[in-house]
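J.: In case you want the letters, here they are:
4 protein chains.
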Amino acid sequence: MSNLRFGAGIWHFATYVDRYATDGYGDSRSILDAIELAGKVDDLSVVDLNYPFFGGDFTNEQVKTALEAQNLSVIGITPEIYTKVFRKGAFTNPDPGVRRLAHDLITEAADVVRYFGADYVKLWPGQDGWDYPFQVNHRRLWELSLEGLGQLAEENPDLKFVVEYKPREPRNHMSFDSVSRTLLGIEKIGLPNIGILLDFGHALYGGESPADSAQLAIDYGRLFGMDVNDNLRSWDDDMIAGTVHPIELMEFFHVLRSNNWEGVWQLDQFPFREDSVDAANMAIDFLKRIDAALNRLDVEELTAAQEAQDAVKANRLVQQALYGG
Amino acid sequence: MSNLRFGAGIWHFATYVDRYATDGYGDSRSILDAIELAGKVDDLSVVDLNYPFFGGDFTNEQVKTALEAQNLSVIGITPEIYTKVFRKGAFTNPDPGVRRLAHDLITEAADVVRYFGADYVKLWPGQDGWDYPFQVNHRRLWELSLEGLGQLAEENPDLKFVVEYKPREPRNHMSFDSVSRTLLGIEKIGLPNIGILLDFGHALYGGESPADSAQLAIDYGRLFGMDVNDNLRSWDDDMIAGTVHPIELMEFFHVLRSNNWEGVWQLDQFPFREDSVDAANMAIDFLKRIDAALNRLDVEELTAAQEAQDAVKANRLVQQALYGG
Amino acid sequence: MSNLRFGAGIWHFATYVDRYATDGYGDSRSILDAIELAGKVDDLSVVDLNYPFFGGDFTNEQVKTALEAQNLSVIGITPEIYTKVFRKGAFTNPDPGVRRLAHDLITEAADVVRYFGADYVKLWPGQDGWDYPFQVNHRRLWELSLEGLGQLAEENPDLKFVVEYKPREPRNHMSFDSVSRTLLGIEKIGLPNIGILLDFGHALYGGESPADSAQLAIDYGRLFGMDVNDNLRSWDDDMIAGTVHPIELMEFFHVLRSNNWEGVWQLDQFPFREDSVDAANMAIDFLKRIDAALNRLDVEELTAAQEAQDAVKANRLVQQALYGG
Amino acid sequence: MSNLRFGAGIWHFATYVDRYATDGYGDSRSILDAIELAGKVDDLSVVDLNYPFFGGDFTNEQVKTALEAQNLSVIGITPEIYTKVFRKGAFTNPDPGVRRLAHDLITEAADVVRYFGADYVKLWPGQDGWDYPFQVNHRRLWELSLEGLGQLAEENPDLKFVVEYKPREPRNHMSFDSVSRTLLGIEKIGLPNIGILLDFGHALYGGESPADSAQLAIDYGRLFGMDVNDNLRSWDDDMIAGTVHPIELMEFFHVLRSNNWEGVWQLDQFPFREDSVDAANMAIDFLKRIDAALNRLDVEELTAAQEAQDAVKANRLVQQALYGG
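Protein chains in written order, with the working numbering: chain A, 36 to 360; chain B, 36 to 360; chain C, 36 to 360; chain D, 36 to 360.
Pulled out of the complex, with its shape left as it was, chain A reads as follows (with noise of 0.2 Å):
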């Protein structure tokens, strides 16, 4: 049970475009002002933070003094593999000068982990895919989509590499599509500093049940960590976790401590019309409510429900436990 860490991308934090708001969705933020909104949140230990560090040239240091005054630590950091110059991919890109790109920049990345003692680089090849029918020859962007991250984590032993997978969006197919390709592209490298970083609304979207992909993931000794954040089940909305699937959400959280799983519930929303405080807050509120719901979980049985596969008896379970009596 429950001394939860919270954490968030600092992402967050930021403001937005999109291809029609093209102004934003806000005035735009440096890294430095996204930690210091991060720091309002009442309850957050720990960040992903983009690299390059966003909206000016910043120093690690003056990024750690940032954090330290906000008391917040570095949980990962994100290379920004999908920006324009990969936006025909990373791994996959067609260009080899632009793959060498991409593993420089996360080689660099690599240091900024080391450099704040954060847990993982995180790698999600969003431009890695494709876009229409006939646009690639599939065998080999999978083995470019595998070289290039075994490589990385083969020159980096010391580190672990997390992947988060999604259906799509920015390319209307990406390579690392779900958890069991995802999965299966880990145990053919066959190196033990990969993992998955599961997004739950990534699941959700991909027609998973998120707890389903993390059991899954976990007995393959490969969740390395997860976010939350809630969706309308057909796009990575990356609403405020539990407003629309609180169930999904708890079975999700029940799964992770059924089997001891210990780590960061980290948020990866993003709050386009909303305060990024407010919505962290709520969500963090959210989660612990699930937290209690699951200590007032009659585990043994619900146990006994699952083994007889009996979906009315485990759902009352659930809801008494959610809802109250």
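A few of these clues could be false.
[To be verified] Simulated pairs of lysine-lysine, DSSO-like, Cα-Cα distance not exceeding 27 Å:
no.	chain 1	residue 1	chain 2	residue 2
1	B	Lys99	B	Lys195
2	B	Lys99	B	Lys75
3	C	Lys195	B	Lys223
4	B	Lys75	A	Lys119
[As the list claims (entries may be wrong)] Here's a subset of chain C near chain B, in silico, CB distances under 8 Å, partners left out:
no.	residue
5	Tyr167
6	Pro168
7	Phe169
8	Gln170
9	Asn172
10	His208
11	Leu218
12	Gln250
13	Gly256
14	Glu283
15	Val290
16	Asp326
17	Gln341
18	Ala346
19	Val353
20	Gln355
For the record, the hints were derived by calculation from the structure and aren't laboratory data. Ideal Cβ placement from N, Cα and C applies to all residues, glycine included.
Got chain A; can you put chains B, C and D on it based on the hints?
T.: Here is chains B, C and D on its own, set in the frame of chain A:
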């Protein structure tokens, strides 16, 4: 048959950003650059222009000169009622001051329509809607949509207004989400100068049959314009027309032809990673294939097959016309 | 508040087949068996009956006696216009003889409504639509839908007819596919005795906000009935209400209450592998939770939050009411 | 090129029921009736047979005689592990007695494979999975899936077993839900005689690129069979192959050909409302079009385009090959 005229949204020739590649999918271009590129397409007659003109402070005259140099005329003006200031809605913004801004911008756009002798003001209220359950009062939101639209149509009886519906994006749910909802709204307003701009991809993605949507809008006398593209049915991918769903595209044009609907065959594509002139040429070449296939289609036999709802016979006729003997 | 009356489609207590388990998900039951089971539910007042009565040759009197023994009355009669003979449509069948059969069956059902003093004839034209591109003439199909429906409403002015829309299944696309399309058709017919039976799950699965759909139907004076269940948003799973989407279910009932809509809270669930009495009890217990949560909801504050479209504030209020302090 | 052999699941020539048309979409047929119909298809060489044989008590000898009369041979046997008794799962049924029944039925089916000299036992565990959140222990469910499958492969080393994955239906989520999950399981078992039967429509509906799925299965040496059909990407509609997604179908066969994959081009269609012989002939005629188009495809140029991930160039080549000059 087939004095086809082709058109495109001028944004087809711009470059794009999204929430990940915030530095863009290419170097940014002004509307004048885009017009020059549009002029390189083999067979383009008209364009739809965003307003305000992007990439600089250009006068109507400058834009007109640029268009004339490329032999292009203007079919519609699309006021940008979906940028930062409108991020919580244009017609339905909770702030009456912002609603007024939307009204004023559209009124300006109406004058631009007059200046260019264009066919219509195109309204795509992409930020009008909601993201979360319980976020809005649904009656009030719909009332605001219809009031805002109706007022403009009333104030500008010399012009046509077309509404382009879409299920979602950027809002998680758009108020004008479907052909039927939009017709319901238009009929409620009851003015003759409001119609629909039917985007093939929006209909497809919304689970409609675009052919059925076109027929319905025609039967209400409200199909004022259309554009095409393609997608994977789960998002507004704005891919090159014909690359994924050629059969439904052909059925769409079959319905237009059967109803003697005369209008421009427009493109609304976002070639994020493709050369925009190539992408336009490829689409137009495919539309000509469709047109030729429709010339070959045995309409009498098809009508008989449809009368019997004989899917096999109907699609055999279609395949013969499209793929040859 | 809360003189709630609960109802269910009598098929909730039948057993099912599908295209794989052609020998059924349980031993088959007659309508009398189903009524007996319905009587075992703790808090059920009314049922909707399929017509013809399934599982034997039963008279109205026999059914009435069975209902009285369980203290149940009849809210609606659902003529089975989706069986083998109607596999290519009821109102829109290409064979006029089959269209006539549909008309006659519904006319019989109208008499059964009169016999039981029920509220309405429920029409769910699940086979009216299309499967393939190019299969139908879309104008003709829609005309046939409205003619068939309109004729019946005209011939039976003493009765109400409710249409239950659904995006698809068993046809790949149903003609009455959405709330807006159905309202458009009803308004075109223009008779006062046709309304909508809004199925929460159909709206959800169709990408609608069920709360918005209810509001729209109410604003046209056409919300004659409703039922609830749950699903995974990609199919009409007819799961137990509240097990997946409690928040949207609560918003749905909030809208009904705000509009002083008074009617029965009905269940349309298909407990394929569950005990049907358990499944009904569980759903009704959850609906009572929702009702209690609505009693606790600070409507004034919520109204203010919605006026500002403040999703965070609105959902905090909802969470407080639903989950407690 | 093109000594194509075509096959079909014998259920293609049966009739169907679903949860609404419980009296069926046509008069029921025995497997002997279905074989006779299969014989009427112009170009069919092999069939996949459900086991037990449907519609009567038929011996292997009777079925063999019927097949010989139509010049058909057997490619696979599909034990019906998804009927009433297995409604809560075959391999994963909570009742060990039912798991034993599944094992025994499949073992019988293995003998039928031997009798007919067929290629494989086909396993489609459509009832193995879950419907509700919290219903199952996900680890246990997956273990049971692999144990059941592995034991059979071990006990029958002379035979091949193929698993046909599908995202869902009839269970709301199937355990073998995707190409990657299935490969992960097969590799975990580690036996040489388990492979994948790749259903084009299941891959498409699951958000996969069927071409990519085929490549992946081939690269693991596990593509033991395939079948085709079409759908609207949101359900396993089992429509006639080529009617909706010709381009992706062509890409799928392009990948098979590029890998020198040799096997039967099978149909898995459910012509609910169509003549089944017509539907098979139409699909096979289209597959021949695809084959001819692949003959015309400039593979060298396509390879270059794919190397550059040039979607426009690649798809121009495809369109030329498919639609002509």
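J.: With a cut-off of 8 Å, does the beta carbon of Leu218 of chain C approach a beta carbon of chain B closely enough for the hint to hold?
T.: holds, 6 Å
J.: May I ask you to test the interface hint for Glu283 of chain C with respect to chain B, counting a Cβ-Cβ separation under 8 Å as satisfied?
T.: Holds. Min distance 5 Å.
J.: Under the criterion of a CB-CB separation shorter than 8 Å, is Gln341 of chain C in contact with chain B as hinted?
T.: The hint holds - Gln341 of chain C has a Cβ within 8 Å of chain B, the shortest such distance being about 5 Å.
J.: Return the status of the interface hint for Phe169 of chain C: holds when the least beta-carbon distance to chain B is below 8 Å, violated otherwise.
T.: Phe169 of chain C check passes; min Cβ-Cβ to chain B is 5 Å, inside 8 Å.
J.: Below or equal to 27 Å on CA atoms is what counts here, so check Lys99 of chain B against Lys195 of chain B.
T.: holds, 21 Å
J.: Identify whether the interface hint at Tyr167 of chain C stands, where standing means a beta carbon of chain B within less than 8 Å of its own.
T.: holds, 4 Å
J.: When the nearest CB of chain B is found for His208 of chain C, is that gap smaller than 8 Å?
T.: His208 of chain C check passes; min Cβ-Cβ to chain B is 6 Å, inside 8 Å.
J.: Would the stated hint for Ala346 of chain C survive a check requiring a Cβ distance to chain B of less than 8 Å?
T.: Holds, about 4 Å.
J.: Check the hint pairing Lys99 of chain B with Lys75 of chain B against an upper bound of 27 Å on the C-alpha distance.
T.: Cα-Cα ~17 Å, so holds.
J.: Tell me if Gly256 of chain C is really an interface residue toward chain B, meaning its C-beta lies closer than 8 Å to one of theirs.
T.: At 13 Å from the nearest chain B Cβ, Gly256 of chain C fails the 8 Å test, so the hint is violated.
J.: Restraint: Val290 of chain C near chain B, CB-CB cut 8 Å. Satisfied or not?
T.: holds, 7 Å
J.: Would you check the hint for Lys195 of chain C and Lys223 of chain B, treating anything up to 27 Å between C-alpha atoms as holding?
T.: Distance of about 24 Å is within 27 Å: holds.
When each numbered hint is compared with the structure, violations occur for hints 13, 16, 20.
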